[in-house]
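Trainee: These protein sequence lines are chains A, B, C and D, in that order. Counting from 1, one number per residue, gives the positions in the first sequence under my numbering. Counting from 1, one number per residue, gives the positions in the second sequence under my numbering. Counting from 1, one number per residue, gives the positions in the third sequence under my numbering. Counting from 1, one number per residue, gives the positions in the fourth sequence under my numbering.
These are calculated hints, taken from the structure and not from any lab test. Glycine included, every Cβ here is placed at the ideal spot set by N, Cα and C. Incorrect hints may appear among the rest.
Computed beta-carbon distance windows for the label pairs [claimed, not checked]:
#, chain 1, residue 1, chain 2, residue 2, range
1, D, 103, C, 239, 50 to 56 Å
2, C, 97, B, 25, 26 to 32 Å
3, A, 29, D, 92, 24 to 30 Å
4, C, 236, B, 25, 31 to 37 Å
5, B, 167, D, 14, 51 to 57 Å
6, D, 84, C, 89, 53 to 59 Å
7, B, 48, A, 105, 28 to 34 Å
For the chain B half of the interface with chain D, some residues (derived, Cβ under 7 Å), not all of them [to be verified]:
#, residue
8, 34
9, 122
10, 123
Non-contacting residues of chain C with respect to chain D, defined by C-beta distances greater than 12 Å in every case (computed) [stated by the list, open to error]:
#, residue
11, 102
12, 137
13, 138
14, 141
15, 161
16, 165
17, 173
18, 182
19, 188
20, 225
21, 247
Protein chains: 4
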Amino acid sequence: MSDQLMAAVGAGVEVVDLGRQLRVGMPQSPNHPQFWHTLPRRHGDMTRVDGASAANDLITMGTHVGTHIDALAHVSQDGVLHGGQDAAQAGVGGKYVELGVHTIEPMIRRGVLLDVAGARGTVQLEGGYEVTVADLEDTERRQGTPVGSGDVVLIRTGWGRLFEEGLAYTGAESGVPGVSEDGARWLAERSVHAAGADTIAFERLAPRGGHSLLPAHRVLLVEHGIYIIEALDLEELADRRVHEFTFVLVPLNIFGATGSPVRPLAVSSA
Amino acid sequence: MSDQLMAAVGAGVEVVDLGRQLRVGMPQSPNHPQFWHTLPRRHGDMTRVDGASAANDLITMGTHVGTHIDALAHVSQDGVLHGGQDAAQAGVGGKYVELGVHTIEPMIRRGVLLDVAGARGTVQLEGGYEVTVADLEDTERRQGTPVGSGDVVLIRTGWGRLFEEGLAYTGAESGVPGVSEDGARWLAERSVHAAGADTIAFERLAPRGGHSLLPAHRVLLVEHGIYIIEALDLEELADRRVHEFTFVLVPLNIFGATGSPVRPLAVSSA
Amino acid sequence: MSDQLMAAVGAGVEVVDLGRQLRVGMPQSPNHPQFWHTLPRRHGDMTRVDGASAANDLITMGTHVGTHIDALAHVSQDGVLHGGQDAAQAGVGGKYVELGVHTIEPMIRRGVLLDVAGARGTVQLEGGYEVTVADLEDTERRQGTPVGSGDVVLIRTGWGRLFEEGLAYTGAESGVPGVSEDGARWLAERSVHAAGADTIAFERLAPRGGHSLLPAHRVLLVEHGIYIIEALDLEELADRRVHEFTFVLVPLNIFGATGSPVRPLAVSSA
Amino acid sequence: MSDQLMAAVGAGVEVVDLGRQLRVGMPQSPNHPQFWHTLPRRHGDMTRVDGASAANDLITMGTHVGTHIDALAHVSQDGVLHGGQDAAQAGVGGKYVELGVHTIEPMIRRGVLLDVAGARGTVQLEGGYEVTVADLEDTERRQGTPVGSGDVVLIRTGWGRLFEEGLAYTGAESGVPGVSEDGARWLAERSVHAAGADTIAFERLAPRGGHSLLPAHRVLLVEHGIYIIEALDLEELADRRVHEFTFVLVPLNIFGATGSPVRPLAVSSA
Numbered sequence: 001m002s003d004q005l006m007a008a009v010g011a012g013v014e015v016v017d018l019g020r021q022l023r024v025g026m027p028q029s030p031n032h033p034q035f036w037h038t039l040p041r042r043h044g045d046m047t048r049v050d051g052a053s054a055a056n057d058l059i060t061m062g063t064h065v066g067t068h069i070d071a072l073a074h075v076s077q078d079g080v081l082h083g084g085q086d087a088a089q090a091g092v093g094g095k096y097v098e099l100g101v102h103t104i105e106p107m108i109r110r111g112v113l114l115d116v117a118g119a120r121g122t123v124q125l126e127g128g129y130e131v132t133v134a135d136l137e138d139t140e141r142r143q144g145t146p147v148g149s150g151d152v153v154l155i156r157t158g159w160g161r162l163f164e165e166g167l168a169y170t171g172a173e174s175g176v177p178g179v180s181e182d183g184a185r186w187l188a189e190r191s192v193h194a195a196g197a198d199t200i201a202f203e204r205l206a207p208r209g210g211h212s213l214l215p216a217h218r219v220l221l222v223e224h225g226i227y228i229i230e231a232l233d234l235e236e237l238a239d240r241r242v243h244e245f246t247f248v249l250v251p252l253n254i255f256g257a258t259g260s261p262v263r264p265l266a267v268s269s270a
Numbered sequence: 001m002s003d004q005l006m007a008a009v010g011a012g013v014e015v016v017d018l019g020r021q022l023r024v025g026m027p028q029s030p031n032h033p034q035f036w037h038t039l040p041r042r043h044g045d046m047t048r049v050d051g052a053s054a055a056n057d058l059i060t061m062g063t064h065v066g067t068h069i070d071a072l073a074h075v076s077q078d079g080v081l082h083g084g085q086d087a088a089q090a091g092v093g094g095k096y097v098e099l100g101v102h103t104i105e106p107m108i109r110r111g112v113l114l115d116v117a118g119a120r121g122t123v124q125l126e127g128g129y130e131v132t133v134a135d136l137e138d139t140e141r142r143q144g145t146p147v148g149s150g151d152v153v154l155i156r157t158g159w160g161r162l163f164e165e166g167l168a169y170t171g172a173e174s175g176v177p178g179v180s181e182d183g184a185r186w187l188a189e190r191s192v193h194a195a196g197a198d199t200i201a202f203e204r205l206a207p208r209g210g211h212s213l214l215p216a217h218r219v220l221l222v223e224h225g226i227y228i229i230e231a232l233d234l235e236e237l238a239d240r241r242v243h244e245f246t247f248v249l250v251p252l253n254i255f256g257a258t259g260s261p262v263r264p265l266a267v268s269s270a
Numbered sequence: 001m002s003d004q005l006m007a008a009v010g011a012g013v014e015v016v017d018l019g020r021q022l023r024v025g026m027p028q029s030p031n032h033p034q035f036w037h038t039l040p041r042r043h044g045d046m047t048r049v050d051g052a053s054a055a056n057d058l059i060t061m062g063t064h065v066g067t068h069i070d071a072l073a074h075v076s077q078d079g080v081l082h083g084g085q086d087a088a089q090a091g092v093g094g095k096y097v098e099l100g101v102h103t104i105e106p107m108i109r110r111g112v113l114l115d116v117a118g119a120r121g122t123v124q125l126e127g128g129y130e131v132t133v134a135d136l137e138d139t140e141r142r143q144g145t146p147v148g149s150g151d152v153v154l155i156r157t158g159w160g161r162l163f164e165e166g167l168a169y170t171g172a173e174s175g176v177p178g179v180s181e182d183g184a185r186w187l188a189e190r191s192v193h194a195a196g197a198d199t200i201a202f203e204r205l206a207p208r209g210g211h212s213l214l215p216a217h218r219v220l221l222v223e224h225g226i227y228i229i230e231a232l233d234l235e236e237l238a239d240r241r242v243h244e245f246t247f248v249l250v251p252l253n254i255f256g257a258t259g260s261p262v263r264p265l266a267v268s269s270a
Numbered sequence: 001m002s003d004q005l006m007a008a009v010g011a012g013v014e015v016v017d018l019g020r021q022l023r024v025g026m027p028q029s030p031n032h033p034q035f036w037h038t039l040p041r042r043h044g045d046m047t048r049v050d051g052a053s054a055a056n057d058l059i060t061m062g063t064h065v066g067t068h069i070d071a072l073a074h075v076s077q078d079g080v081l082h083g084g085q086d087a088a089q090a091g092v093g094g095k096y097v098e099l100g101v102h103t104i105e106p107m108i109r110r111g112v113l114l115d116v117a118g119a120r121g122t123v124q125l126e127g128g129y130e131v132t133v134a135d136l137e138d139t140e141r142r143q144g145t146p147v148g149s150g151d152v153v154l155i156r157t158g159w160g161r162l163f164e165e166g167l168a169y170t171g172a173e174s175g176v177p178g179v180s181e182d183g184a185r186w187l188a189e190r191s192v193h194a195a196g197a198d199t200i201a202f203e204r205l206a207p208r209g210g211h212s213l214l215p216a217h218r219v220l221l222v223e224h225g226i227y228i229i230e231a232l233d234l235e236e237l238a239d240r241r242v243h244e245f246t247f248v249l250v251p252l253n254i255f256g257a258t259g260s261p262v263r264p265l266a267v268s269s270a
């Protein structure tokens, strides 16, 4: 068979996992129901006559937990969703039928890492730092990876290094680095398909500023229909200096939900 | 950049979605906590000062719901898991640290559809029908798609056509078609990486026989460390006569769980 | 201390438990999220340095599970709740602030069992049987327990005997005995505080009729502000021929919810 | 009818609610799954042909949330539960069959408030303060309410005033006032039926000491089979100077669980 994709896969690929492990107690936004996992049935609880047993799980969680993607239904501005649909009306029935996460097609497309921290010669941008358009363009140029239409762009601030520390990652006191309205507009002008970051809210958050203003969400989700991916693990990708790759992301197909935990991959020929 | 994979992806790919949509009320095994989705916050509930609002979700579910993958920790035989670990001991702490679903690497590898129903000239095998080794080999030969080591093999019985009907899909009365011990051994001899089916339990279930004996689970999970994927949607793939493809499956990285809902893809060059 | 209540309690009381045990797999309406209980932490999972360990639980459930009480917010008619509040508007914010279950005061008041099955000389009324006003008045007279204003009235149909059988209790095929609109009006005319039954929906349900029409809910909850208690266990009370008692019911104080699982008690001086 | 209890109730009772309202975001121990409530169906989502609609709920929670009671199965010491049962073995099957919360009988018995803060002339004992045996005996004497066998004793520290403040209530930094091993022994010597407090863990917690040592739990639950009630609201009772009352507590009858949210009442003749 002469399938070009199968030939490429058959020749060998390397996969970098960009998703955080889902664990009880991991840092997450208090606005969303906590991730919790437990085993209702463990081996030893009940054994079949033939000596077999099956263990199983119960999960409760919000969908904006761990590494996750925001559907267009997640955010409204002035009462309307992307495309102009009345936001309150869209939720009647308890499902977002038109813009829920089930409408996000699985992604297999070019991905670009913009390692802003790396380009600025630091391991981690400080809390509250605004990633400017100049930062984005400078990073793009240094890396030699121009952002194209339809790409998925992942912005590395280095803040993901704090994920294992828990509360520090959410940055309530310190603020969190990220793009603001200008950076979001720049991404939209490049017609990216989705944009992600290694922070909990994608946005630049001011120290002690909370999540009161989220301009990048408005620009990307509401104004331009561009998906947002949050809490990515971009450390290995940066360490390997892989700035361009095949990006694979498959959201759970949850009918009507505003988001989904995801485990995106950066894949390259070996 | 000369990445062969990126070139193949850049040339265009077609994706067939093999996962079922996660919906409240979909058919699932009563052994596992029901999938449930609700919106704690809808647009209109609370609007920020700048006119923005965010809606969110709460999910509760087992992990063996919808289309899902079984981790090796899911089944034990005679008190031991795959590799000989004591099964009861492995669950102490409420996590399967060594064989949980977090240990399943994302899959990007050759997939083969064995459309047994198609090869037998029927739209759907009857409840309780055992897919024999002869069926598997005959299908392989007719399709011209020999199963190789490391492949993911998906067995189509046509039973997936009943998914939308709900209870009928679980087949408590009718039984369900599938491989039994012999078919599972055949798959293991071919050293497949994972095996899936369009049924709720992968196994052949006898009419009114329940899930009392699950020999294919024992052979695949416990004896050979081969993952099982259940409740696949194989209809479009069969309709398109795509019997060989790049199979993509990315389980949620849930630390210590026995399985994960998944949305596998069959991808081909366009 | 001369407290009359303490003197009565000090002299000894007998308690009959009118609540069903909350168990995974118990019969419940498919309209509501299943009750599920699991132990995230068991003894042996983690022991403190001083040799102590603590086990704990995770519960997921609807509130209309097991024996439960309906708050006035549960049902609307023609877009309005009891008292005329706009029903859709009342739920904005995801809480029923004015008529949620948190507004039900704990009940310690006269309870009357109307053992209709007993009065009709049968152990169990048949599925679909309508408990008429004549039945209610005949039972009241035979028992010598007139219903008074402010009482809690519990109607025994004998259907509760099927609770342990599971599906049969929900009566999808058979229908379920109960009062209909006339019986509900009779209860409202007596100005009862709450009304309960030993069935899953309080109402008379026609065989294969489903829950499409629920006139007693409309009359009691919406028109008269009378709480409804469902899935009571009235067997022991009937066996003991206790038709009049102190009724104790304490709903969970869940802010904004439409109901609560409860464990009502019938208490008498010993 | 000459029932003494009904006569007392008929003469009028006053009820003081000792339970906290269950709200999303209320303070609770991070060791237990968060309380979360949401409305899957709101009025306006779906209306029946006759103009009726029903709203409903989904709850996920640990059982040690809000005001709650600890079953004897909650804590083990040196591998054994109260009565000497092997603690790990007791949990096999995912339920504590012998000492789960379903084995706690509903309580209608004498309750005594020991308002230690009041007796010490303060509105609130400081964080880390140990309530000594002298404190308990002094309070008992000043109030004129000797603790008797079978009573439920509620210890007021005044710390409950912080409940609405959230994090401060958990006292991670400040510590929390409470009895320690000596106070627990004193309660056990009086053969109380249950003991409660207006704090999250009942125990005296040292500043920044966490929950590493819980001697009162060991003494009460494991050694003496005395139930513990936590996070009580004792403010109104203290304000009214009601130190002796009929205590009513009805745990949810959750088969095999280690605890239950409860809404205890202090009831007195009017």
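Trainee: Indicate, hint by hint, whether the structure satisfies it.
Mentor: Hint check:
no.: 1; hint: 103(D) x 239(C): 50 to 56 Å; in the structure: violated (23 Å)
no.: 2; hint: 97(C) x 25(B): 26 to 32 Å; in the structure: holds (29 Å)
no.: 3; hint: 29(A) x 92(D): 24 to 30 Å; in the structure: violated (37 Å)
no.: 4; hint: 236(C) x 25(B): 31 to 37 Å; in the structure: holds (36 Å)
no.: 5; hint: 167(B) x 14(D): 51 to 57 Å; in the structure: holds (52 Å)
no.: 6; hint: 84(D) x 89(C): 53 to 59 Å; in the structure: holds (58 Å)
no.: 7; hint: 48(B) x 105(A): 28 to 34 Å; in the structure: holds (30 Å)
no.: 8; hint: 34; in the structure: violated (11 Å)
no.: 9; hint: 122; in the structure: violated (39 Å)
no.: 10; hint: 123; in the structure: violated (34 Å)
no.: 11; hint: 102; in the structure: violated (6 Å)
no.: 12; hint: 137; in the structure: holds (20 Å)
no.: 13; hint: 138; in the structure: holds (20 Å)
no.: 14; hint: 141; in the structure: holds (16 Å)
no.: 15; hint: 161; in the structure: holds (19 Å)
no.: 16; hint: 165; in the structure: holds (17 Å)
no.: 17; hint: 173; in the structure: holds (21 Å)
no.: 18; hint: 182; in the structure: holds (17 Å)
no.: 19; hint: 188; in the structure: holds (17 Å)
no.: 20; hint: 225; in the structure: holds (16 Å)
no.: 21; hint: 247; in the structure: violated (9 Å)
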